[in-house]
Structure formats: structure tokens, C-alpha cells
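K.L.:
These are the residues of each chain, in order.
There are 2 protein chains.
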Amino acid sequence: MDENIIVLGGDGFCGWPTSLGLSKAGYDITIVDNLSRRKIDIDLECESLTPITPISTRIKAWKSLTGKEIQFIHLDVSSQYHKLYTLIRELKPMSIVHFAEQRAAPYSMKSPFHKRYTVDNNINATHNTLCAITESEEDVHLVHLGTMGVYGYGTAGMPIPEGYLKVKVECKQDFKDIEILYPANPGSIYHMTKTQDALMFYYYNKNDGTRITDLHQGIVWGTNTPETMLDEALINRFDYDGDYGTVLNRFLMQAAIGHPLTVHGTGGQTRAFIHIRDTVNCIKLAIENPPARGERVRILNQATETHTLRNLAVMISEMTGAQIRYYANPRKEDSENTLSVCNENFLNMGLNPITLNEGLLTEVIDIAGKYKNRCDTSKILCTSKWRRDIVLDTEGSLEPAG
Amino acid sequence: MDENIIVLGGDGFCGWPTSLGLSKAGYDITIVDNLSRRKIDIDLECESLTPITPISTRIKAWKSLTGKEIQFIHLDVSSQYHKLYTLIRELKPMSIVHFAEQRAAPYSMKSPFHKRYTVDNNINATHNTLCAITESEEDVHLVHLGTMGVYGYGTAGMPIPEGYLKVKVECKQDFKDIEILYPANPGSIYHMTKTQDALMFYYYNKNDGTRITDLHQGIVWGTNTPETMLDEALINRFDYDGDYGTVLNRFLMQAAIGHPLTVHGTGGQTRAFIHIRDTVNCIKLAIENPPARGERVRILNQATETHTLRNLAVMISEMTGAQIRYYANPRKEDSENTLSVCNENFLNMGLNPITLNEGLLTEVIDIAGKYKNRCDTSKILCTSKWRRDIVLDTEGSLEPAG
Numbered sequence: 041m042d043e044n045i046i047v048l049g050g051d052g053f054c055g056w057p058t059s060l061g062l063s064k065a066g067y068d069i070t071i072v073d074n075l076s077r078r079k080i081d082i083d084l085e086c087e088s089l090t091p092i093t094p095i096s097t098r099i100k101a102w103k104s105l106t107g108k109e110i111q112f113i114h115l116d117v118s119s120q121y122h123k124l125y126t127l128i129r130e131l132k133p134m135s136i137v138h139f140a141e142q143r144a145a146p147y148s149m150k151s152p153f154h155k156r157y158t159v160d161n162n163i164n165a166t167h168n169t170l171c172a173i174t175e176s177e178e179d180v181h182l183v184h185l186g187t188m189g190v191y192g193y194g195t196a197g198m199p200i201p202e203g204y205l206k207v208k209v210e211c212k213q214d215f216k217d218i219e220i221l222y223p224a225n226p227g228s229i230y231h232m233t234k235t236q237d238a239l240m241f242y243y244y245n246k247n248d249g250t251r252i253t254d255l256h257q258g259i260v261w262g263t264n265t266p267e268t269m270l271d272e273a274l275i276n277r278f279d280y281d282g283d284y285g286t287v288l289n290r291f292l293m294q295a296a297i298g299h300p301l302t303v304h305g306t307g308g309q310t311r312a313f314i315h316i317r318d319t320v321n322c323i324k325l326a327i328e329n330p331p332a333r334g335e336r337v338r339i340l341n342q343a344t345e346t347h348t349l350r351n352l353a354v355m356i357s358e359m360t361g362a363q364i365r366y367y368a369n370p371r372k373e374d375s376e377n378t379l380s381v382c383n384e385n386f387l388n389m390g391l392n393p394i395t396l397n398e399g400l401l402t403e404v405i406d407i408a409g410k411y412k413n414r415c416d417t418s419k420i421l422c423t424s425k426w427r428r429d430i431v432l433d434t435e436g437s438l439e440p441a442g
Numbered sequence: 041m042d043e044n045i046i047v048l049g050g051d052g053f054c055g056w057p058t059s060l061g062l063s064k065a066g067y068d069i070t071i072v073d074n075l076s077r078r079k080i081d082i083d084l085e086c087e088s089l090t091p092i093t094p095i096s097t098r099i100k101a102w103k104s105l106t107g108k109e110i111q112f113i114h115l116d117v118s119s120q121y122h123k124l125y126t127l128i129r130e131l132k133p134m135s136i137v138h139f140a141e142q143r144a145a146p147y148s149m150k151s152p153f154h155k156r157y158t159v160d161n162n163i164n165a166t167h168n169t170l171c172a173i174t175e176s177e178e179d180v181h182l183v184h185l186g187t188m189g190v191y192g193y194g195t196a197g198m199p200i201p202e203g204y205l206k207v208k209v210e211c212k213q214d215f216k217d218i219e220i221l222y223p224a225n226p227g228s229i230y231h232m233t234k235t236q237d238a239l240m241f242y243y244y245n246k247n248d249g250t251r252i253t254d255l256h257q258g259i260v261w262g263t264n265t266p267e268t269m270l271d272e273a274l275i276n277r278f279d280y281d282g283d284y285g286t287v288l289n290r291f292l293m294q295a296a297i298g299h300p301l302t303v304h305g306t307g308g309q310t311r312a313f314i315h316i317r318d319t320v321n322c323i324k325l326a327i328e329n330p331p332a333r334g335e336r337v338r339i340l341n342q343a344t345e346t347h348t349l350r351n352l353a354v355m356i357s358e359m360t361g362a363q364i365r366y367y368a369n370p371r372k373e374d375s376e377n378t379l380s381v382c383n384e385n386f387l388n389m390g391l392n393p394i395t396l397n398e399g400l401l402t403e404v405i406d407i408a409g410k411y412k413n414r415c416d417t418s419k420i421l422c423t424s425k426w427r428r429d430i431v432l433d434t435e436g437s438l439e440p441a442g
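Protein chains in written order, with the numbering used here: chain V, 41 to 442; chain B, 41 to 442.
Keep in mind the hints are simulated off the structure, nothing from the lab. Computed from a predicted structure; not experimentally measured. Heads up, a few of these hints could be off.
Derived lysine-lysine pairs resembling DSS-like cross-links, with alpha carbons at most 27 Å apart [to be verified]: (1) V:246 / B:372; (2) V:132 / B:123; (3) V:208 / B:132; (4) V:206 / B:419; (5) B:216 / V:150; (6) V:425 / B:246; (7) B:206 / V:372; (8) V:425 / V:410; (9) B:425 / V:123; (10) V:216 / B:216; (11) V:208 / B:150; (12) B:123 / V:425; (13) V:206 / B:372; (14) B:372 / V:216; (15) V:212 / B:150; (16) B:108 / V:123; (17) V:206 / B:206; (18) V:216 / V:206; (19) B:123 / V:246; (20) B:208 / V:208; (21) V:212 / B:216; (22) B:123 / V:206; (23) V:150 / B:132; (24) B:425 / V:208.
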């Protein structure tokens with residue numbers, strides 16, 4: 041095969057295992073990254089629980105283990121437009137996978153600086169990518185990592201369709217059927233930027249015919265893929281802190297180190313989940329099933345199951361004996377919601393979903409246990425709050441607040 | 041009265057007459073502007089047909105004529121966050137009127153640079169304003185100039201409601217009534233940024249309770265208001281070029297200098313219009329009728345009538361004897377559409393719409409005639425095109441292309 045794929049943000053939590061998975065599958069991978077996620081660690085005075093190696097070390101290890109070359113370009117997608125454009129002209133990639141956005145909701149809510157960084161970085165990164173593809177006149181398929189959070193949760197009580205919603209609109213004493221982009225209801229500044237991305241995709245697809253797949257991903261759990269497990273130098277990052285850690289991984293890690301499981305609010309929030317291995321599988325399927333020329337933006341729900349946070353905590357508590365503690369919710373969100381998600385598109389492409397199973401849960405607990413000496417327990421609780429008037433809770437209790 | 045209003049972009053085509061109108065009404069006005077519109081003139085090698093004076097001269101003239109002080113702060117809203125925040129803390133304005141966005145669709149389509157500037161400037165300007173209001177903890181009512189163009193034109197054939205659309209959604213074998221933000225269908229990068237603004241308003245209103253009025257304005261025509269006519273030093277700008285000129289003003293100016301009226305496409309495009317004096321009237325009404333605490337974003341259609349471009353051209357041709365020429369359309373848009381716009385909200389607040397009338401049309405022709413020696417006729421035709429593969433037409437013909 042001689043097919044180029046550019047992975048924007050290919051050094052990150054989803055980007056790195058995706059880059060390896062696609063390289064293994066035979067694609068020629070170029071990672072573009074400004075290493076911003078590693079630099080944010082410095083500012084947050086926190087780091088991956090797993091000892092990730094520098095990007096050059098990672099790439100060298102992959103080469104020596106598999107013989108496969110991955111190219112790395114240090115480039116800020118949100119600000120170095122011309123360098124990005126030139127790269128696209130040169131490589132003529134079949135696909136660009138776009139992970140180059142600040143991806144944590146709590147981080148995006150920390151302060152005006154963090155809100156503004158998230159908006160500026162994410163909007164300009166996506167727009168520069170679309171603009172450069174258009175300007176290059178290459179027929180590139182853009183695959184973007186979005187989030188289930190663009191939908192809000194549980195709107196109108198029906199299963200969430202894949203991006204578009206059929207509605208009836210009153211028109212001249214009659215009702216007309218139209219299909220619209222699912223109405224956006226973002227829950228944080230981070231999620232808001234993804235709803236703004238959707239409008240850019242809609243526009244560039246309409247005006248310039250850009251082929252785009254937008255993946256509305258659930259909360260990722262797990263850390264390793266078959267590729268990252270080949271050598272410790274390839275290990276994926278594992279975030280356990282209150283800003284970047286995702287909820288299920290946080291629970292598993294807390295169980296491993298003997299910290300109470302930190303449930304915020306009642307735990308009645310229902311969320312959609314996906315294992316990191318299925319993130320990689322889905323992106324490969326998305327690349328291999330591109331929209332046709334002239335097709336509207338393809339929106340796929342990239343999630344395999346839904347759970348309430350409370351039930352996850354109870355399950356892990358039963359597995360491990362960990363205590364559950366309920367903390368005041370620093371987010372502004374519904375305390376309880378139902379959620380059901382359509383994911384027919386990926387199932388039809390052949391996805392065989394990995395769902396919660398004891399083996400994979402244990403694998404995460406084992407990883408967390410192996411590196412627990414690297415944990416700074418002061419970083420475990422969430423410190424970002426959605427509004428100034430929300431009071432943080434550092435004690436928690438055995439029952440949710442009434 | 042001792043009520044502060046900050047006018048972001050108060051040196052521009054809508055901002056300047058609005059600032060004067062509000063100053064006359066007794067508000068204490070602070071204009072914030074980075075003078076970007078004047079600088080864009082330099083890059084485009086074009087200038088206002090009317091000889092506008094520097095901002096300090098304008099403000100001094102206003103003071104000497106009326107005794108009223110207007111403060112000017114040179115500040116880039118899209119990049120100087122802390123200065124903006126400090127100003128809000130200091131002035132505690134009742135309202136901020138936000139015109140600080142790049143406002144021309146053709147300019148936004150000229151090149152990757154112009155696309156990227158428009159996105160970066162407009163999104164960051166709006167977000168910084170929202171973020172600074174939230175951070176200030178002042179109860180500021182934000183009044184934003186949006187555009188009718190967020191709706192697309194003629195969707196589903198019914199009159200365009202004011203921002204929200206009632207739809208029926210299928211849910212468990214039944215239909216549920218919900219009200220959603222009117223589905224966005226932007227026609228240019230510029231319009232796209234306004235649809236992205238709408239999502240920021242939705243989010244900040246939901247999370248932080250920010251009181252916001254978003255004005256979906258039609259195409260502005262006319263140039264003078266009673267205030268700008270008081271003295272030549274107060275004259276408003278008049279754009280006639282293919283990038284910044286608005287269609288009706290361009291026709292009137294073309295008639296005044298004996299240039300054929302430049303209709304793009306068939307002229308069957310229907311658009312909504314408003315006179316600059318009603319822009320000022322509407323903004324004053326919006327300020328004086330703010331949403332209550334806890335109210336959702338108030339969206340008002342700020343337009344008083346709709347016309348096809350063809351009919352406008354025929355009317356002006358009949359008034360003046362000007363020839364009409366049809367040029368290939370550099371935009372990607374429907375060649376013909378119907379459009380009907382609800383504007384009940386402003387009517388209920390007491391707006392007495394100024395509609396097309398010979399007196400006001402003649403006033404524009406007179407202004408254009410008075411300053412026609414300042415016209416660079418090479419700037420009249422549109423040179424921005426919506427896609428690379430569109431072929432510009434510099435000849436035109438007496439009939440639209442078939």
C-alpha cells in the first residue's frame with residue numbers, strides 16, 4: 041500500500057494508538073502535533089500515570105519493532121497554516137484524521153484563560169484544516185473526532201440518531217418533513233467548540249464539496265491497544281487527574297491505589313462509552329468507508345454502550361472492594377438523565393463492539409497498580425467548576441447530597 | 041441619565057451612527073474599536089465614498105455640536121482580553137453593543153487569509169466579550185449584531201420566525217413538540233461565524249445566565265441618520281466596492297455615477313432590508329427592552345421589508361434611467377428564492393419601519409453624486425468568488441445568463 045494519512049494530534053491519548061493501528065494496517069502515517077498535551081501537563085503540574093516516552097523515542101521503537109516508518113512534523117495546526125497547507129500539497133493524503141483539539145471539558149472551564157485557549161485553539165485548528173484542504177485542491181477525506189456531548193443528553197427521550205434529526209415543520213397549515221443537524225446542546229466550552237466545528241463541516245461540505253466524517257465519540261476508557269503493548273516505549277498515556285482523566289479510567293485507577301471512587305452529584309448521569317481499542321477500530325473503518333463525492337457530512341456515533349456513573353462505581357466497588365464517595369457536582373448538568381445512542385453505521389461497517397468486561401477492566405487496574413508510585417493523589421479530585429458560584433467539595437460523603 | 045453603554049466596533053458603518061444615536065438619547069457612550077475597517081480599506085486600496093474623518097475628529101465635532109462626550113478606547117476585542125475585562129469592571133455598563141466583527145461576506149471569501157481572519161477575529165471577539173462579561177460578574181446585557189443570513193433563505197417555504205423554530209419530533213410512536221434554534225444554513229464564511237456566535241450565546245446564557253439579545257439584521261441601506269447629518273465631520277462611511285458595498289447602496293451609487301447596475305445571477309435572490317436609521321432605532325429598542333434574568337437568548341429579526349434584487353434594480357433603473365447589466369454570480373447560492381420574515385418583536389416594541397421610499401433613495405443618490413469624484417470605478421465589480429472554479433464575469437449582459 042502507498043497511501044498517506046496525516047494524523048493531526050497524533051501524539052495524544054487517542055492519536056497515538058490510532059497512528060500505530062493505522063501504521064500496522066499498512067498506511068503511511070505522518071503525525072502532526074505541537075506536543076501541547078505534554079506541555080499542559082507541565083502547567084497542571086501533573087503527568088500521565090504511565091511513563092510515556094518522547095515522540096521520537098516512540099517512533100524509533102515502532103520502527104525497530106515493526107520496520108514501519110512514522111513521520112513526525114512539529115506543527116501547531118491552529119496557527120501554522122502555511123506549513124499545514126504545504127504538507128497537504130506534498131503528501132496528497134487520502135485522509136486526514138483530526139485530533140488536534142483541546143479535549144477536556146474540565147480544563148476548558150478552569151478560568152477565562154482556559155476557556156479562551158480552548159475556543160481559539162479548537163476553532164482555528166479545525167478551520168485551518170478545512171481551509172488548507174480546500175486550498176490544496178486535493179481530494180482529502182477529513183475524519184474528525186467529535187463528541188457525544190454535542191447532543192446534550194437525553195433530549196426528548198428518544199435514542200440519539202447519528203447526527204441528523206427528522207422533524208416536522210408547520211408550513212401553510214400543513215406539516216413538512218425536513219432533516220436537520222441534530223440541535224446542539226453543549227455542556228461545556230469544550231463541547232461548544234465541537235458544535236461550532238459541526239457548522240464548519242456543514243459549510244465547507246456545502247460550498248466546497250469537502251468529504252468529511254465527524255465521529256461523535258463517547259467517553260474513552262482503557263489505555264492499551266495490541267500495538268501500544270508491544271514495548272514499554274510505546275505505552276499510551278493514562279490520565280487520572282480531575283481535568284483530563286475520563287470517568288471510568290479514574291474509577292479504575294482510584295480502586296487500584298485504594299482511593300475512594302469519586303462520584304460527582306448523584307451519579308445518575310448516563311454517559312456513552314467506548315474502549316480505546318474500538319476508537320482505533322472505528323477510525324480505521326471510517327477511513328475505509330469514506331463518503332462519496334457530493335455526499336453530505338457523514339456523522340457517526342462512536343460509542344458502544346451506555347451506563348450511569350453510579351452503576352459503574354458500584355460495579356467497580358464490587359470488583360475491588362473500593363469505597364464510593366459522593367462529591368458535590370462542579371458541573372452544571374442534569375443530575376439524572378437517560379441516554380440511548382444509535383450506532384448502526386459502525387455496526388454495519390463491521391464493528392464488533394468491545395463492551396465492559398472483567399478482563400479489560402482488570403487490565404486497567406493492573407496498569408494503574410503497576411505505576412501507582414507515579415500518582416500525585418492531590419490531583420485526583422476535580423477542581424474546575426462550571427460557574428464561580430459553585431462550591432467545591434473536597435470531603436465527599438457516602439451518600440449523594442439530597 | 042447616568043447609564044454606560046459600550047459600543048464595540050463603534051467606528052464602523054453601523055457602529056458610528058448607533059453610537060451617536062445612543063449618545064443623543066442620553067446614554068454615556070464608550071466606543072471600543074481597533075479601527076480595523078479603516079485599515080482594511082488600505083489593503084483593498086479603496087475607501088469610503090464619503091470622506092470620513094478620524095475618530096477623534098468625529099468625537100470632538102459631536103462634543104462641540106451637542107455638548108455630549110463620547111469616550112474612545114483603541115482596543116482589539118479579539119486579542120486584548122484583559123483590557124476589555126478591565127473596562128467592563130470599571131464602567132459597569134448596562135449594555136454592550138457588539139459590532140466588532142468582520143462583516144462582509146465577499147471579503148470573507150477572497151482567499152484563505154481572509155477566511156481565516158474572519159473566523160479568528162469574529163469568534164474570538166464574541167467569545168472574549170462573553171468571557172469578560174462572565175468574569176466581571178456585572179449584570180451586562182449583550183446586544184449583538186447578527187444577520188438574516190444565518191437562516192439561509194426560504195427554508196421550507198414558511199416565514200422565518202425570530203430565531204427559534206417549533207418542530208415535531210417522533211418519540212415512542214408519538215410526536216413531541218419541541219422548540220429549537222432555527223437550523224443554521226450559512227451562505228459564506230462570514231455568515232458561518234454568526235451561526236457559531238449563536239452557539240456561544242446559547243451556551244453562556246445556559247451556563248452563566250448571561251442576558252443576550254441577538255439581532256438578525258437584513259441588508260442595510262442608506263448612509264445618513266439625523267445625527268450624522270449635523271456636520272460633515274460626522275458623516276457616515278459609504279461603501280460602494282464589490283466587497284463591502286451592500287447591494288441597494290451599490291445600485292444607488294452606480295446610478296449616480298452613470299455605471300450600469302450590477303446584478304449578479306438572475307437577480308431572483310430575495311433579501312431582507314433595513315434602513316440605517318432603523319438599525320439605530322432597533323438597537324435602542326433592544327437596549328431598552330432587555331431580556332429578564334433567566335430568560336433564554338432573545339433573537340429578533342431586524343429587517344423591515346424583502347425584495348428581489350431584480351426588482352430593486354428595475355425600480356432604480358426606472359427612477360434614474362440607469363442601465364441594468366447581469367453578471368455571472370460569484371456566489372454559490374440559489375438563483376431564485378422566496379423570503380418572508382417575521383419581525384413582530386420590534387413592531388411590538390414600537391418600531392415604525394422606514395421602508396423604501398423615493399425621498400430616502402434620492403438622498404443616497406444625492407450623497408453618491410456629491411462625492412462621485414472620490415469613486416474608483418475599478419472597485420465596483422465584485423472580485424471575490426465563492427469557489428475557485430467559478431469564473432468571474434467582467435462584461436455582463438443585458439439579460440441574465442440562462
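K.L.:
Does each hint fit the structure? Answer for all of them.
P.N.:
Hint check:
1. Distance hint between residue 246 of chain V and residue 372 of chain B is fulfilled; the C-alpha atoms sit about 9 Å from each other, no more than 27 Å.
2. Using a Cα cut-off of 27 Å, the hinted pair residue 132 of chain V and residue 123 of chain B is violated, with the two alpha carbons roughly 43 Å apart.
3. Restraint check for residue 208 of chain V and residue 132 of chain B: the C-alpha separation of about 44 Å exceeds 27 Å, so the hint is violated.
4. Restraint check for residue 206 of chain V and residue 419 of chain B: the C-alpha separation of about 45 Å exceeds 27 Å, so the hint is violated.
5. Annotation: proposed proximity of residue 216 of chain B to residue 150 of chain V is violated, straight-line Cα distance about 37 Å (limit 27 Å).
6. Between residue 425 of chain V and residue 246 of chain B the CA atoms are separated by roughly 15 Å; this keeps the pair inside 27 Å, and the hint holds.
7. Distance hint between residue 206 of chain B and residue 372 of chain V is fulfilled; the C-alpha atoms sit about 26 Å from each other, no more than 27 Å.
8. Between residue 425 of chain V and residue 410 of chain V, the direct Cα distance comes to roughly 31 Å. Violation of the 27 Å bound is thereby established for this hinted pair.
9. For the given pair, residue 425 of chain B sits about 25 Å from residue 123 of chain V by alpha-carbon distance, which is consistent with the 27 Å threshold.
10. Note on residue 216 of chain V and residue 216 of chain B: the hinted pairing holds, with a Cα-Cα distance of about 15 Å set against a maximum of 27 Å.
11. Between residue 208 of chain V and residue 150 of chain B, the direct Cα distance comes to roughly 38 Å. Violation of the 27 Å bound is thereby established for this hinted pair.
12. Of the pairs offered as hints, the one joining residue 123 of chain B and residue 425 of chain V holds, with about 25 Å between alpha carbons and a cut-off of 27 Å not exceeded.
13. Our distance criterion of 27 Å between C-alpha atoms is met by residue 206 of chain V and residue 372 of chain B, whose separation comes to about 26 Å.
14. Distance check on the hinted pair: residue 372 of chain B and residue 216 of chain V sit about 26 Å apart at the alpha-carbon level, within 27 Å; holds.
15. A threshold of 27 Å between alpha carbons decides the hint, and for residue 212 of chain V with residue 150 of chain B the separation of about 39 Å lies outside it, so the pair is violated.
16. Between residue 108 of chain B and residue 123 of chain V the CA atoms are separated by roughly 51 Å; this puts the pair beyond 27 Å, and the hint is violated.
17. Distance hint between residue 206 of chain V and residue 206 of chain B is fulfilled; the C-alpha atoms sit about 13 Å from each other, no more than 27 Å.
18. Among the hinted pairs, residue 216 of chain V with residue 206 of chain V is consistent with the structure: their alpha-carbon atoms are about 10 Å apart, no more than 27 Å.
19. At most 27 Å may separate the alpha-carbon atoms for a hinted pair to count; residue 123 of chain B and residue 246 of chain V exceed this at roughly 38 Å.
20. Note on residue 208 of chain B and residue 208 of chain V: the hinted pairing holds, with a Cα-Cα distance of about 5 Å set against a maximum of 27 Å.
21. Proximity of residue 212 of chain V to residue 216 of chain B is assessed by CA-CA distance (about 20 Å); at most 27 Å being required, the pair is judged to hold.
22. In summary, the hint linking residue 123 of chain B to residue 206 of chain V is not supported, as the alpha carbons are separated by about 45 Å, beyond the 27 Å threshold.
23. With a CA separation close to 24 Å, the supplied pair residue 150 of chain V and residue 132 of chain B stays within the 27 Å bound.
24. For the hint linking residue 425 of chain B to residue 208 of chain V, the alpha-carbon distance of about 35 Å lies beyond 27 Å, and the restraint is violated.
Going through the hint list in order, the structure does not satisfy hints 2, 3, 4, 5, 8, 11, 15, 16, 19, 22, 24.
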